[in-house]
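Visitor: Now that you have both chains on their own, put them together as the hints suggest.
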Amino acid sequence: MIKVTDLSKNYGPVEAVKSISFDIQDGEIVGFLGANGAGKTTTLKMITGYLVPTEGKIEVNDLNIIDDTHEIQKQIGYLPELNPLYTEMRVYEYFEFLAGIRNITGREFKNALARVVEQCGLNGVIHKNISECSKGYKQRIGLAAAMIHDPKILILDEPVTGLDPNQIVEIRGLIKKLGKEKLVFMSSHILQEIQATVDRIMIIHQGEIVANGTSDELMSNFMGNVLLNMEIKGAAIETIEHIQAKLPNIKFISMEESDGVQQVQFEYGKGQDPREELFRYAVDNNWAILKMTPHTTNLEDIFRDLTTDGGINV
Amino acid sequence: MFNIRMVFRREMLGFFNSPMAYIFLVIFAVVNGYFFTNTFFLFGQSDLRTLFDIVPLVYLFFIPAVSMGLIARENNIGTMEIISTLPLNTYEFVLGKFLAGFSLILLGLTATSIHFFTLMAVGTNVDIGAIFTGYLGLALMGATFTAIGVYASSVTENQVVAFIIGVFVVLVFYMLDKTLIFVPHSVAGLVQFLAVDYHLSNISRGVIDSRNLVYFFSMIGFFIFMTIQTLEVRRWK
Chain U
1 MIKVTDLSKN YGPVEAVKSI SFDIQDGEIV GFLGANGAGK TTTLKMITGY
51 LVPTEGKIEV NDLNIIDDTH EIQKQIGYLP ELNPLYTEMR VYEYFEFLAG
101 IRNITGREFK NALARVVEQC GLNGVIHKNI SECSKGYKQR IGLAAAMIHD
151 PKILILDEPV TGLDPNQIVE IRGLIKKLGK EKLVFMSSHI LQEIQATVDR
201 IMIIHQGEIV ANGTSDELMS NFMGNVLLNM EIKGAAIETI EHIQAKLPNI
251 KFISMEESDG VQQVQFEYGK GQDPREELFR YAVDNNWAIL KMTPHTTNLE
301 DIFRDLTTDG GINV
Chain Z
1 MFNIRMVFRR EMLGFFNSPM AYIFLVIFAV VNGYFFTNTF FLFGQSDLRT
51 LFDIVPLVYL FFIPAVSMGL IARENNIGTM EIISTLPLNT YEFVLGKFLA
101 GFSLILLGLT ATSIHFFTLM AVGTNVDIGA IFTGYLGLAL MGATFTAIGV
151 YASSVTENQV VAFIIGVFVV LVFYMLDKTL IFVPHSVAGL VQFLAVDYHL
201 SNISRGVIDS RNLVYFFSMI GFFIFMTIQT LEVRRWK
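One line per chain: the protein sequences are U and Z, in this order.
Under my numbering, think of the first position of the first sequence as 1, with each following residue one higher.
Under my numbering, think of the first position of the second sequence as 1, with each following residue one higher.
In case anyone wonders, no lab produced these hints; they're calculated from the structure.
Quick caveat, the model's predicted, so the values are computed rather than measured.
Taking lysine-lysine pairs in the PhoX-like style, the calculated list, with each CA pair at most 20 Å apart, reads:
{"hint": "1", "chain 1": "U", "residue 1": "18", "chain 2": "U", "residue 2": "3"}
{"hint": "2", "chain 1": "U", "residue 1": "57", "chain 2": "Z", "residue 2": "237"}
{"hint": "3", "chain 1": "U", "residue 1": "18", "chain 2": "Z", "residue 2": "237"}
Bound conformation, chain Z alone (with noise of 0.2 Å):
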């Protein structure tokens, strides 16, 4: 556990003494905060729904950009050597590195809770059950991706090649939902229950479903568990 925190902290280190955390937040803000308040005060409807549609999309760029780095950059400059001869478990560093980059992403979600403020003040019976929820959905998505993006960082030592596999595989679970139409009835249902929107507008509707939760935490785990084992079979390549 301390390792981990450990761990953790370094990263955190990293992120915030180089540019890279503050660049980061302030996009993700300004970014979602242009989409959200162009529509807001057009529609008249009080609820953070034009927020919870565009920070998904924004996401898929975000994330894989956010965790690129995490593994890649320790094995591209050789500290992964340093890393793993110390008394460290693998699991340890992935689960370090994993709430590192995280973290980024629920600061930049905490962000967004200013228009849930303006909301407040203009609005009129807010329901916020509805918008907890729809915050608890991003916020496990946020973890899903993150978690894709430290198994793509894993894979290689470069930072871009990351990237783009994060971007894909993100793209992948994305925009499986809006493939059902193609696909064979007999396997619609599994391939709905992979998509991570149809369980993101599950929890966003106000419907805390035990299948969701089990959906994001078992695709967290999967993932966390591919970075564990790549980095495991490296040592005896």
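Just chain U, with the same shape it has in the complex (with noise of 0.2 Å):
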């Protein structure tokens, strides 16, 4: 379990994370989704030990970040921001290093190194030079190496960014498999990475967690009103400007002619469906529909009001 309480850290004057809390359990993946600056890694660096934090506190299976350091970085595996890796090592080298600074050596570590090599699939690499090895290759090498002493807590940075589609789904599908039994936190900054992955979304905007739920929820929560594109022939100009007149519901918007065809924009709130009434109004005024799509808020809509400034804070 992860549990931050008003967390803070500053760079100089420069405030990179302002006061957030939020708590992860056991078994969860999350995703940490926020624009390239956010503050997305500062917090993740802040929670492995890497960083201390300005103010507020990190608590990792009840365990104090400050005080426990290395205790809670032994149930922790990381997985950096650019994947860093020994390039000039053997694969099964840099396994050993990092596993010998775990304790873990002899029978213990070739156990652990046919684990990682087959949950990631490293079978052809494992005796070659990680220079040597392809990106979609040493990700997985980067992977392996934060997860060679099974810890219960995966810290996973940025896991996809730079892969091609297949590699991709590949490491999605793994990260799903492993969040069946380790809590799982990973960072994305586009919201497709994650939103098939990961169980609950959390996103950051200039240091503040400016929303916190299941996808299902964040929709529930900040889907706004519905647009409703229309195109008409054959309407009187003022049945379209004063149409709230007759249908409270409907709210008009702009309006554009060309050829004779009207484009016309209404809007409606979320909830509400006014369409068979919008049809009933237009057949009694003599109006031709020849397109009507309404435009929901999508979770990328959504995303992009709440990374943008002004967003909505909740």
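Guide: Structure follows, in structure tokens:
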């Protein structure tokens, strides 16, 4: 379990993380979403003990990061952003080094090695120099390195960035499988990358958490009004502009006319669907409806709204 | 202790997996061998003094070159983040690095022992004691310079900058002895005590004085301490 309370981090005068709080339970896969520079990496670096928080508290399985840094680090597997590796080493030498620091040697190491090789599909490359491996393999080596001690908690900073679509699917599958028994906390700046993988999404913007919930929860919390795009022929302009007089639920937004076709935008509140009434109204007023498409907000729009300036605060 | 050994082993693997260690050892042996044998047969003296004079000069550039990448490279390629998030103490990391660098220097120094065998073969009345202390002095000086090099490597992520800082600091301690005539009498004693050359020449003469040993060990300790502090402070920034 990870429990973060009022966590802040300043780099000189810059406030990278501003008093955020959240917790993650065992067995959960949580996606940490935010634009570049929003404070994701800084937060992860503090949880893993790489950076010391300016203020606030981080508890991992009831241990405090300041007092029990090493104890916490023993329970965490961490894949840093950009996946740094000792390229001059052979793959198994690298694992042997990491395992050694974590006191896994001899028979135990052999078992651990066999486990991560199987989990991450590293069979062909184990005796290769890391520098000779492809990018996809390097990413898997980084992931395997984070799991060599079979940690209860996996923290992955942008684990699929820079991979090709097939590799992304592979790594996603692997993370999903791992998430069944481990707590996984992964960051990304691309929504689609994590939407398919995680149980819960946390969105961070300018150092503050602006949303936290499952994708369904986020959808219902943040869905705004529905825009209705219509193409109409032969309508009197005042029947369009003053629609609200007859149908109070529908608001007129804009209209453009070209070649006798009117491109009209209406808006109505979420949860309502006044399209039937609108249809009858159209018939009464002799509109010929060529097209009618409601545009609902999706998670992508919500993410964009939340992470551009003037985002909604929860 | 075990962690220090793991860091040390990883570093040695890195040295010998790349051409770096081989290049260093070969050039170190060739340069020293050239300058030593050049005059050895001319002078006709049964000692290794010319070797002991040339090695410190070679050290001035070789040791900063060997140690420049030790920590700077980890900062540069980002593996420092992996190291810092392992249950590993900073002092274990720094000591492992220092010992790896120092071992490479010792290996280079061992290679020069071929000249000792030449000396034994052709010389007469060889003063084994002086040769032993000469090597001891060179080893201590090598360790001191390595500690300085490790420190220089920790303050930057650019290996070239680390090299330049390393050469500069090493040079300062090496040259102090030569500046004695320019400094006021009152501080001359202190300046001389800080000069690495002064302590080396004492030991090389065959006198193992605790003052010299204290000097070398406190220099090594000081720069290793500074390295640990530099790395610790970074986490709090």
